[in-house]
Structures are given as structure tokens and as C-alpha cells.
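Starting from the given sequences, assemble the full structure and let the hints guide the process.
Heads up: the sequence shown begins at 1105 in my numbering, then just goes up one per residue.
By construction, these hints were calculated from the structure, which means they are not laboratory data. As the structure is a prediction and not an experimental result, all values here were calculated from the model. Worth double-checking, as some hints may not be accurate.
What the hints assert, rightly or not - Label pairs and their calculated CB-CB ranges:
{"hint": "1", "residue 1": "Val-1392", "residue 2": "Leu-1146", "range": "35 to 41 angstroms"}
{"hint": "2", "residue 1": "Tyr-1222", "residue 2": "Gln-1246", "range": "34 to 40 angstroms"}
{"hint": "3", "residue 1": "Tyr-1222", "residue 2": "Ser-1195", "range": "22 to 28 angstroms"}
{"hint": "4", "residue 1": "Arg-1221", "residue 2": "Leu-1196", "range": "14 to 20 angstroms"}
{"hint": "5", "residue 1": "Ser-1126", "residue 2": "Pro-1165", "range": "30 to 36 angstroms"}
{"hint": "6", "residue 1": "Tyr-1223", "residue 2": "Ser-1195", "range": "35 to 41 angstroms"}
What the hints assert, rightly or not - Only pairs whose alpha carbons sit at most 20 angstroms apart, straight line, appear in this in silico EDC-like list of lysine to aspartate or glutamate:
{"hint": "7", "residue 1": "Lys-1322", "residue 2": "Glu-1354"}
{"hint": "8", "residue 1": "Lys-1179", "residue 2": "Glu-1134"}
{"hint": "9", "residue 1": "Lys-1179", "residue 2": "Asp-1140"}
{"hint": "10", "residue 1": "Lys-1327", "residue 2": "Glu-1354"}
{"hint": "11", "residue 1": "Lys-1322", "residue 2": "Asp-1341"}
{"hint": "12", "residue 1": "Lys-1327", "residue 2": "Asp-1341"}
{"hint": "13", "residue 1": "Lys-1151", "residue 2": "Asp-1140"}
Heads up, the beta-carbon is just placed ideally off N, CA and C, and yes, glycines get one too.
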Amino acid sequence: MSEVVMTEASASPEAGSGTPGSILAAARNERGMTIDQLALALRYSAKQLAALEAGNYAALPGATVVRGMMRAYAKHVGVDPEPLLAQLRASLVSPPPTVKMNEMSVPFPGRSTPIYRYYIFGSLILVLLAILMLNQWSDSIQSFVQGFSSAPVATQEARPVTLMPATPQPLSTDNIAVVEPPAPAEPVVTPPGPTPPAVAAKPAIVKPEPPVPSASQKRIVLKFEVDSWVQIRSANDETLMNMLNPAGTERVVTGRPPFNLVIGAATGVRVQYNNAPYDLTPHIRDDVARITLN
1105 MSEVVMTEAS ASPEAGSGTP GSILAAARNE RGMTIDQLAL ALRYSAKQLA
1155 ALEAGNYAAL PGATVVRGMM RAYAKHVGVD PEPLLAQLRA SLVSPPPTVK
1205 MNEMSVPFPG RSTPIYRYYI FGSLILVLLA ILMLNQWSDS IQSFVQGFSS
1255 APVATQEARP VTLMPATPQP LSTDNIAVVE PPAPAEPVVT PPGPTPPAVA
1305 AKPAIVKPEP PVPSASQKRI VLKFEVDSWV QIRSANDETL MNMLNPAGTE
1355 RVVTGRPPFN LVIGAATGVR VQYNNAPYDL TPHIRDDVAR ITLN
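Shown next, in the form of C-alpha cells:
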């Protein structure tokens, strides 16, 4: 029964029992929780919760965040958040700023001189000025038109043009050339061209024979019908081949056995060991052959 009474008392704190932060800190201590454990549960930093307990609201992001933190904190420790939020609102309300009003004397016209009289007088002056300018402008245009119309127009008398008939001139035979018939063309004889020089025959390319292995060495011949990657290691773990071989090529490898071979795309590779064909079929797994040649 005593535990129930204590829980109800902590759930409804009195407004005058302390600041909201001190009430929350006391409830947390009663539950045996550290501020780090509370920060992990509420997903706030321990520094923010410490500022909330100390009432240092200026160190927190804003009033909305402070209210959300206080509500979550109070619910987690079993405290009614509404009285705490009421205290928080009272503490966050700042006094309205005082605005100093400067006095300025504005002269108002007296009743003896209404302001509309000044507008009427100014409008009459503007109308008179517009009439004067219009009269001057019309006079200038009229004088310009009169001067232009009184200018003499120069007229030029057209002279008659007499057309003389063209007299045909006699044709002169001095400039007429006599055209003779063309002479028969002689056949054009094309001289024989120079005899092209004989092309020297290219020497035949002699393909060198592969070296003959010694008694302690063995010879491996690989013929590739498809592109295949091959790795060959000798008895002393020396890499004799580790390369991609294009289709249609042939490779010859010599060394001391035993040889460890890894052949990719093995179904398209033919192997000869010591001039004897070697069947890769029993050793192929997923088109890769792994063999040892002794």
C-alpha cells in the first residue's frame, strides 16, 4: 500500500515543490536510474538531459524541443507532465519589449486657411502655363508651314529629243577569214612503256623448331580450339605458364616433372605429353581440368 501511495504522489507533483528539472531529477533518482541510462532510453544526449534538469533551457535547441523532452522524461519516470509543462510555459514567457515612442510635432493647418484652397490655386497656375505653351507651339508650327509653302519650286523645261535613223554600214570583207577544211589526222603511235622490274621473291619464313628437352625434362604441347586460361607449375613450384591463350594457337612447355596443370575451357584444349595425347575428359569439372603429369 505504501508503494502505491508513493507512486501516486510522484505522479502528481505540486507546482510549488520545485523546478521542473529538480522534480524530474528526483523521480529519476528514486527509480535508481543514471542520466546515461535515461539518455539511452529517450534517445537524447546526456548533456541535453542534464541541461533540462538544471533548468538551462538556453542550451537546448528551442521551446518546442524542451517541451517534448520534458514530456517524454516525465512519462518515463512516472510523473504527470502537465503541471511541469505549465511551470515551463510560465518560465519561458518573456516580458514584452518596451518600445520607446518619440514625440514629433506635426503642424496642422488652422481653420482660417483650408488646405483645399492651396490645391485649387496650384491647379489654376498649371492650367494657365499649359495654355501659354500650347499657343507658342501652334504659332511655331504655323510659321514653319508658311515658310515651306512659300519656297519657289524649281522647274526644268524638258528638251525634245531627236531620234536619228541608224544608217547601215557596208560589210567589210577585209576581216573575214577563209576557213580551210581540216587535214586528215595522222595515227598516234604510243611508244612502248618501260618493262617493270622483276619483283624479288621474299625469303620463306622458317619457323624455328622447339628445343629438344633433355633426359630429365619433359615436354607438354597444348593446342587451343577455344580461348583458354592455363596455369602450369613445375616440380620446384616454378610457374611455367599463367596466361590466356587465344583460339587457334599452340603452346609448348618444357620442364622437370611432376607438372601441376589447371586448364580452363578444357573441352576445347588438346594436350600431348612426351609426344603422346593425353585425355582430359576424366579430369574435367565445370569445364575446368586439374591434372598432375609425372
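Against the structure, the hints:
For Val-1392 and Leu-1146, the hinted distance range of 35 to 41 angstroms is not satisfied, since their beta carbons lie about 59 angstroms from each other. The hinted window of 34 to 40 angstroms between Tyr-1222 and Gln-1246 holds, with their beta carbons roughly 37 angstroms apart. For the hinted restraint 22 to 28 angstroms between Tyr-1222 and Ser-1195, the CB-CB distance of approximately 59 angstroms leaves it violated. Evaluation of the 14 to 20 angstroms hint for Arg-1221 and Leu-1196 yields a failure: the beta carbon distance comes to about 58 angstroms.
Between Ser-1126 and Pro-1165 the beta carbon distance is about 22 angstroms. The supplied range of 30 to 36 angstroms is therefore violated. Distance hint for Tyr-1223 and Ser-1195: a CB-CB separation of about 59 angstroms, inconsistent with the stated range 35 to 41 angstroms. For the hint linking Lys-1322 to Glu-1354, the alpha-carbon distance of about 17 angstroms falls within 20 angstroms, and the restraint holds. About 14 angstroms separates the Cα atoms of Lys-1179 and Glu-1134, which keeps this hinted pair within 20 angstroms; it holds.
As the CA atoms of Lys-1179 and Asp-1140 are separated by approximately 17 angstroms, the hinted pair is consistent with the 20 angstroms bound. For the given pair, Lys-1327 sits about 5 angstroms from Glu-1354 by alpha-carbon distance, which is consistent with the 20 angstroms threshold. A distance of roughly 15 angstroms separates the Cα atoms of Lys-1322 and Asp-1341; the hinted pair therefore holds under the 20 angstroms criterion. At roughly 23 angstroms between alpha-carbon atoms, Lys-1327 and Asp-1341 are farther apart than 20 angstroms, so this suggested pair is violated.
A distance of roughly 9 angstroms separates the Cα atoms of Lys-1151 and Asp-1140; the hinted pair therefore holds under the 20 angstroms criterion.
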